[in-house]
Amino acid sequence: MTDFIADRAATRKPDFSNAHLRKRYRAEARFKLYGIAAIVAALGMLAFLLGSIVMTGSSAFTQTEIALDVTLDRAQIDPNGTLDPEVLAKGNYRKIVRDAIRAQFPDVSGRRDLRELYRLVSTGSDFTLRQIVETDPGLIDTTQTIWFKSSADIDQLNKGAIPRDVVESDRRVSDAQIGWFDKLSADDRTRRSFNTTFFTSGDSREPEQAGVLGAVVGTTLTLVVTLILSFPIGVMSAVYLEEFAPKNRWTDLIEVNINNLAAVPSIVFGLLGLAVFLNFFELPRSAPLVGGLVLALMTLPTVIIAGRAALQSVPPSIREAALGVGASPLQTVSHHVLPLAMPGILTGTIIGMARALGETAPLLMIGMVAFIVDIPRSFTDAATVLPVQVFLWADAPERAFVERTSAAIMVLLAFLILMNLAAVLLRRKLERRW
Amino acid sequence: MKIKTLTLAAAITVGMVGAAEARDQIRIVGSSTVFPFSTAVAEQFGKSSSFSTPVVESTGTGGGMKLFCSGVGEDHPDMTNASRRMKKSEFEACTKNGIDITEVQVGFDGIVIANAKSGPDISLSLEQVFLALAAEIPQGGKLVANPNKMWSDIDPSLPAQKIEVLGPPPTSGTRDAFVEIAMEGGCKTLAGAKELGLANKACHAVREDGAFIEAGENDNLIVQKLEANPNAFGIFGFSFLDQNADKLKGATVDGTMPEFEEIAAGNYPVSRSLFFYVKQQHVGVIPGIKEFVTEFTSENAWGPDGYLIGKGLIPLPDAARAAMAKQAQGLQPLSM
Chain A
1 MTDFIADRAA TRKPDFSNAH LRKRYRAEAR FKLYGIAAIV AALGMLAFLL
51 GSIVMTGSSA FTQTEIALDV TLDRAQIDPN GTLDPEVLAK GNYRKIVRDA
101 IRAQFPDVSG RRDLRELYRL VSTGSDFTLR QIVETDPGLI DTTQTIWFKS
151 SADIDQLNKG AIPRDVVESD RRVSDAQIGW FDKLSADDRT RRSFNTTFFT
201 SGDSREPEQA GVLGAVVGTT LTLVVTLILS FPIGVMSAVY LEEFAPKNRW
251 TDLIEVNINN LAAVPSIVFG LLGLAVFLNF FELPRSAPLV GGLVLALMTL
301 PTVIIAGRAA LQSVPPSIRE AALGVGASPL QTVSHHVLPL AMPGILTGTI
351 IGMARALGET APLLMIGMVA FIVDIPRSFT DAATVLPVQV FLWADAPERA
401 FVERTSAAIM VLLAFLILMN LAAVLLRRKL ERRW
Chain B
1001 MKIKTLTLAA AITVGMVGAA EARDQIRIVG SSTVFPFSTA VAEQFGKSSS
1051 FSTPVVESTG TGGGMKLFCS GVGEDHPDMT NASRRMKKSE FEACTKNGID
1101 ITEVQVGFDG IVIANAKSGP DISLSLEQVF LALAAEIPQG GKLVANPNKM
1151 WSDIDPSLPA QKIEVLGPPP TSGTRDAFVE IAMEGGCKTL AGAKELGLAN
1201 KACHAVREDG AFIEAGENDN LIVQKLEANP NAFGIFGFSF LDQNADKLKG
1251 ATVDGTMPEF EEIAAGNYPV SRSLFFYVKQ QHVGVIPGIK EFVTEFTSEN
1301 AWGPDGYLIG KGLIPLPDAA RAAMAKQAQG LQPLSM
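Those protein sequence lines, which keep their order, are chains A and B. Just so it is clear: in the first sequence, position 110 is 110 by my numbering, and no numbers are missing. Remember, my numbering sits 1000 above the position in the second sequence when you count from 1.
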């Protein structure tokens, strides 16, 4: 068989006929076309994914607001006129807000109707008003026009996510509420403004008061811990294994293990974190410190493998030249090899960090999949991270959380792009050609 | 660069030392079904009191019990949520670790079988639910792999349409409750089932030939899939039907529609009780537990006009609620 082929190849004459040439060119053109089609398909899918996220998520960046004329009655807020912050904090702001709504619709009566009427504005309105009064107590005993957030259902109605044309019993907003809202709109008392709350507050069960700041801070804290642990340890391991370690059975064993660890499912690291950091070292649950430790363990193998590959790609001539002019092995590595390998190491680190940024599974075990309102302020405060926030919102029944889920994904992507950008810039700065 | 790294390392060490300080935040674990209510109370509590907002984790009922019963002290949670009553084994594990418990029943949750508005109206009995979804059903005096392909195979009055039901996976508490109440309930009334060994746990096996599709823990996903496929039915919690009443409709089960009033009155058959459990040893040690329980059991929260109703909770009847509030606020110990 092989003889036959060899025989034919030996005796075959080059075919310069037009037909044959055309065939070859066609094959080449087809091959290029396949490549282009693959890229177009990949880009198309990416565009579809991003497009659908942006389409559903962009409306979360605006919020419907309702203007009410609020009479800040001293008797309700500060009856003794002391301006004591503790008294101001306890004022009956709910009643003031409710009175302001009733003033718009004086003819509404009956418990049920009034309850529906009060639901036009967010339940957080009393806290909004409290903050306004606390920052400027001089407003007491005046009447102010204040923009309050509408409730999430009204907001969804205004954005068209709750349809008006279905039977009343089939939607979250009653006909009466639609009537009131339309009247307010006709009076220019409604507007859609930029949703700052989404970027300045923590999680909430009320969609209109929910924000991603808690998750962004939690992610930052967690990734800082991950980076300052995995980067130095990873680079040192890679340098030692690649440049100094003797090649024997032990180093082979270590290498095999590191390669295996890189492929271990992340939930396993979560279980390890639960057993070691929480149960043995008794570190606090839900803390970014523990999350960072767990993610650092997960990222380490990636950093080490990428680091070793980068070190290997430094030409041996560099090492030989350095050693030849009398540099010690340490000087060779730290002055010549490591700086040249740094761009590659950084790429590996950023891949590892990007994976850590998107993880939820290991964090479940150590209590970071939790409802946390307060913004974390230290590495041991209870915190959650962006992907967990996305996961929790995706699971919430309220319709207004649908757009917020997509918006949180956009924030997560922005975070990722920022991280990548930092890595690209660093790499540019460090890159050297030889 | 070096100094920066050192500073950061120092910051971490300080953080670790800080962890040894006393915890001033209530920690709650447990059921994902009670999670929306617990978090709503936690948020309200954090805003309206001087205590910090409790941290609520969604670990599932079983996982929550395990954490809750693991011991007394700051490293262990103060409360756990449950979408079923605490089991005797769990109670014993708690007692062994020196934990005294107060049980609080919060309300009810209905499990609905629903389809898209454009699909057919359907009225099922528990028996028909069992015949549609069980792995094995009795036929001709012996157990056979479920042969029903169409709803009309079960009963000619049902639509001639392929059986296609999206439901939660076995890890979910909703699934547990569904098989326990609906499947077991249907099994009990089915003639000749008991003789063939179909009783209690044996009724829980759900068919795996494609008619029942495990759609993941996320109920929103089931809602979206139902919208896209009017022939499919979905199984999920009542609050998702309530929020999506413009897109979905619930099937009548044993002659009762899945409606707020019917579930509250106990007429709708597929409903379950929701609970939370308080660790008495932590009361007075971790600040705010007593106040949190009081907030949860106030009329403003769980009453018929309370904010939890807006989140989908179905309240206890008035008398039961008043008694439960008293019992909860007095931290009455649980015995089993």
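A few of these clues could be false.
Claimed, not checked - Here are the simulated DMTMM-like pairs of lysine to aspartate or glutamate, each with C-alpha atoms no more than 20 Å apart in a straight line: (1) K1201(B) <-> E1136(B); (2) K1047(B) <-> D165(A); (3) K1117(B) <-> E116(A); (4) K95(A) <-> E116(A).
No lab work stands behind these hints, which were simulated from the structure alone.
Checklist entry - Any of the earlier hints contradicted here, and which numbers? => result 2, 3
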